[in-house]
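Colleague: Start from chain V and add chain D according to the hints.
Protein chains in written order, with the working numbering: chain V, 1 to 391; chain D, 392 to 634.
Derived by calculation from the structure, the hints in this document are not laboratory data. Errors might be hidden in some of the hints.
[As the list claims (entries may be wrong)] Below, computed lysine-lysine pairings styled on BS3-like, alpha-carbon distance capped at 27 Å: (1) D:K615 <-> D:K499; (2) D:K499 <-> D:K484; (3) V:K181 <-> D:K439; (4) D:K484 <-> D:K607; (5) D:K607 <-> D:K596; (6) V:K47 <-> V:K372; (7) D:K484 <-> V:K344; (8) D:K439 <-> D:K615; (9) V:K344 <-> D:K560.
Model, not experiment: these values are computed from the prediction.
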Amino acid sequence: MEGFMYPNEVELQWSILIVLYPFLTGLVAGAFILASLERVFRVEEVKPTYRLALLTALAFLIVAPLPLQLHLGHPERSLEMYLTPHRSSAMAMFGFVYLWYLMAVLVVEIWLDYRRDIVCLAESSRGVKGALYRILALGSYNISPAALRIDDRVGWIITLIGIPSAFLLHGYVGFIFGSVKANPWWSTPLMPVVFLFSAMVSGIALVLLMYMVTCAIRRVAIDMRCLDTIAKYLFYTFVIDFALEMLDLIHRIYESDESFRSLDFMVHTRLFYSQILMQIFLGTLAPLALLSLTQMIGFPAAARRRIYAIASVFTLVGIFAMRWNVVIGGQLFSKSFLGYTSYKVHLITREGLLPAVVLMILPFAILYLLIKILPPWQVESPVGAEMHGDD
Amino acid sequence: MNLNRRQILLLLPAAAVAWDFLLAGNPEGSPNYKMSDHWWGMLIDIAKCIGCGSCVRACAMENDVPEGYFRTWVERYHVTDWHIENPEVDSPKGGMDGFPPGKTEGGKNFFVPKMCNQCVDSPCSQVCPVGATFHTPDGVVLVDYDYCLGCRYCIQACPYGCRFFHPQKHTADKCTLCYHRITKGLTTACCEACPTGARQLADLKNPNDPIHAFLKTHAVQVLKPHLATGSKLFYNSLDGSVR
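Bound conformation, chain V alone:
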């Protein structure tokens, strides 16, 4: 501790788990928005990543509430948020936005998109696997061209609803922080917009990486047209995200209100590594420079692949650092603007590094399972499967 803090402020309230939460939901929103590009705006180039992006979004969405649950003083009461929500609370709405997004958008869209495959797999699999697919089919075995056309149309509508929902999901996470008037580091109307664009950036980078990794594991050639298009989108959204963050920064510096000296000191000391080095230089300027190079210079495919991979990893590190700087940074200074505290991550405690690492690995394990159950690549229909079409 340095200077003066209100005595109750010395202890940090929101830990690394709360850093994970906006990071995970951001990846969900970003992955979904990329997937919806193909569906709604008919960007054919990104089609190879469509299903992978949806499954990635689902895997991360399943894990997203877990850090919150672990963090609560009384997790057994968390259901109260659904049963007796306080309507003026931004946080109370989380449960509903989350459920809406999970059940009404993502799960339905994935099911509709996979229905044909599920039916084919139910026909061709035996034993437990067969039973699983028969359950997933929900008794709907009609895969006639007419039925699939309806699936496609309904899926399109769901995606159309899904885009504003994804915006809502992550914009609202930004609002949770942006609406805290007591905290000048958080309180800005730009926060939801910055969160949204950084979410898109991180989600696109993640899907790009996942696509490259899955292609490498499956030993299939990477579709460079797809990769180039995703990288282009990553670049564009990143430019907007960076512009917004710089706007926020310049505004703060120029306005220099009562909190500025305190925040400025923090950025130059306690947040120097995570904000200046990790977020701005490594996590933003470096990937932006790399991506802009690929836009200007015609590198060979192998070089482009490497650059995209490096830029994506840097981007993910940078966005994680951004979440860290918002959540942890917002608690390091006193609301009296007269002092600073520090945050020490514990290793094996309920809100320590270990659970955070586990929660970061868990979505990948879930994604692995999802890919095993619902392969994102085309399933060959067994002979005669189409015959059930007119049941």
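Modeller: Frame of chain V, contents of chain D only:
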């Protein structure tokens, strides 16, 4: 009555709940107290505070406040000349044991007692996801400990640093304005213990409360007025350097 093992196993949890209920006893009643007749706040006269820490000790004892956390505390300010934006502030152990000798040269010293501002438009109750932090009809902000999730959003939202996470209850905790006392016609523990009368409980709905005459004749301020929280903690002779 013959009970088999299965029936006993079923009855045990019910008996445990019943026993718990018996042990809890009846909530204290305040038969002569009518909530709609009161609107509570507090007056703090900075010029009268001597920084003895009696209020902090009394509060901790009365409300069983865990060590290291504070429902009320006292800050000491040292402001030199015109450096109103750079006060030197300390509050060792929340001022509980008083203060060691401070700087006497080149500036002014004064003490500022702090506590929950009992805001009318309280940011803490606004953000609570389940409404566990609520306003009583007589103007006190309270926490329902049996309902609070322990998400700590309210602690983030309080601009005055008045809330903390109770290490045993695992819920948010804060000053209750000694609600268990004021509803029985007593004053708060901190006001009771203050030897100089620097703290005065104020009933803003009671026309006979001396607060009204005081507010009419003194330059009174609230903390961080730009945040428009509707604070009912009124400070007399508050220096501009106080945050």
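Colleague: Now tell me, hint by hint, if it's right for this structure.
Modeller: Outcome of the hint check:
1. Restraint check for D:K615 and D:K499: satisfied, since their Cα atoms lie roughly 21 Å apart, inside the 27 Å limit.
2. Distance restraint check for D:K499 and D:K484: the Cα-Cα separation of roughly 22 Å lies within the 27 Å cut-off, and the hinted pair is therefore satisfied.
3. Pair hint V:K181 plus D:K439 does not hold up; C-alpha atoms about 32 Å apart against a cutoff of 27 Å.
4. Between the alpha carbons of D:K484 and D:K607 the distance comes to roughly 35 Å, so the proposed pair goes past 27 Å and is violated.
5. Of the pairs offered as hints, the one joining D:K607 and D:K596 holds, with about 15 Å between alpha carbons and a cut-off of 27 Å not exceeded.
6. Distance hint between V:K47 and V:K372 is fulfilled; the C-alpha atoms sit about 20 Å from each other, no more than 27 Å.
7. Between the alpha carbons of D:K484 and V:K344 the distance comes to roughly 22 Å, so the proposed pair stays at or under 27 Å and holds.
8. About 21 Å separates the Cα atoms of D:K439 and D:K615, which keeps this hinted pair within 27 Å; it holds.
9. As the CA atoms of V:K344 and D:K560 are separated by approximately 23 Å, the hinted pair is consistent with the 27 Å bound.
Going through the hint list in order, the structure does not satisfy hints 3 and 4.
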